[in-house]
Amino acid sequence: MSDRAPIYLDYSATTPVDPRVAAKMIPFITEHYGNPASRSHPYGWTAEKAVENAREEVAKLVNADPREIVWTSGATESNNLAIKGAANFYAASKGKHIITVATEHKAVIDTVRELERQGFEATYLEPEPNGLVDLEKFKAAIRPDTVLASVMLVNNEIGVIQDITAIGNICRANNVIFHVDAAQATGKVVIDLETLPVDLMSFSAHKTYGPKGIGALYVRRKPRIRIEAQMHGGGHERGMRSGTLATHQIVGMGEAFRIAHEEMAAENERIRMLRDRLLHGLMEIEETYVNGDLDHRVPHNLNMSFNFVEGESLIMAVKDIAVSSGSACTSASLEPSYVLRALGRSDELAHSSIRFSIGRFTTQADVDYTIDLLKSKIGKLRELSPLWEMFKDGIDLSKVQWAAH
Amino acid sequence: MAYSDKVLDHYENPRNVGSLDKNASNVGTGMVGAPACGDVMKLQIQVNDAGIIEDAKFKTYGCGSAIASSSLVTEWLKGKTLDQAAEIKNSAIAEELALPPVKIHCSVLAEDAIKAAVADLKSKQPGSKEAA
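Protein chains in written order, with numbering that gives the first Met the number 0: chain R, 0 to 404; chain H, 0 to 131.
In case anyone wonders, no lab produced these hints; they're calculated from the structure.
We put the CB at the ideal spot given by N, CA and C, even for glycine.
Any given hint could be a false lead.
Here are some, though not all, of the chain H residues that point toward chain R, as calculated from beta-carbon distances under 7 Å [to be verified]:
1) Lys21
2) Ala23
3) Ala33
4) Gly37
5) Val39
6) Cys62
7) Gly63
8) Ala91
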């Protein structure tokens, strides 16, 4: 199998650019290369028109006003701009406390940590074992000086969907600015910003079959939310984000979001069918656990732990599929996933987890191959595993005195 | 992560996987490591009447290098006396498998497993010389 490319099941990491998107982008690199900010000639006008069309497509997918969409370089920048921008703007009038969740993406966690270094205080809420935020605990975390809360819509590792409406309503009632990282949500769940009590929302193109390097931030107009710019310069994007607009990237994001809007319902049905097939196939393997709530979850994600199999050898065993592991065995240390640890999973189970993420170009044959591969490789590794042998002999592994080293 | 060809070979085709009767008087069992550390090795040796290791089996929960280290030592142990077995050094294992520095602990664990198996066997045969 090693002579062919592994089957791609890592759509939550990034997606291929849809060929229809790529086709739309190319003329804006070679022919329509004008600067959208150039007002004095047709090159600029053509580029500006393309940018504004794309802005409308992005706004349409999330039912917002195009004037509420600010282009950025991606969701990481959007998160930084939203959190730092709003926290700094409203700190003087409201206070310097921020609430977020321990299972947020690093682009949110580390942005909040940076604000802590600048004198803010932060609460990192622990989610319930199913990955969802408890509303009472969220309410209890709010203080008189809470300026901003940031909760992601869809989790990148376990795919759970937070109750953004309920959390947003709590924020509204307490005059707290509410930011939502929706990088993993577009094209997967319906987003209606006209009714959602959300002030700021981050988007990314490359998780939704658009190009990398482009994203957007939704900034509510009614009631108007103000943010401090983090990037200064030519005053683009109504001063919120300076920098020449990347026309081709923006066109790509617009087309990707247009397709998502059009095809989302049918695509989600197909992907749910594939995910359920994968789930049922893998659940036939003994001692297998799903991480995160299965009901409040996008159909694209399946995160599972395989007990009594060590994480790194598991990743070696499944090299014919491209997936993400709960243990980021980047170099020296095996660091278990902080998201799975926050759900209360043991180090062993966190290590031996795999995130399968399914997308537009996944086939039933891909899923069937993956099920067979996992069944045979897990079987092989367990045959090698003294822990599996002890488990099968009825020994309680938690009561064994291990010679720790 | 880059593994040497020898590690990959032992990982893909582990030698001597299995278990021996741990209650037999001529079988020594060594179990080292802990699940929380990411490695558990079980190594078993069986000696003949002449005190020579005639069989060795292993089971390992751990990374590719840990599996390869234990697989390799089962090959090395066969035909050795207990004293010769106890002389196997982790550095030799690490060198044979070209383990990177972060994986040296796998070879240390294999050496510990040999020592534990030999000690277990010796404790079962207090008068091994007389018996032979």
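We went through each hint and held it up to the structure:
1. Lys21: 11 Å, violated
2. Ala23: This interface hint is violated because 17 Å lies over the 7 Å limit.
3. Ala33: 3 Å, holds
4. Gly37: 6 Å, holds
5. Val39: Interface hint status for Val39(H): holds (5 Å vs cutoff 7 Å).
6. Cys62: 4 Å, holds
7. Gly63: This interface hint holds because 5 Å falls under the 7 Å limit.
8. Ala91: 19 Å, violated
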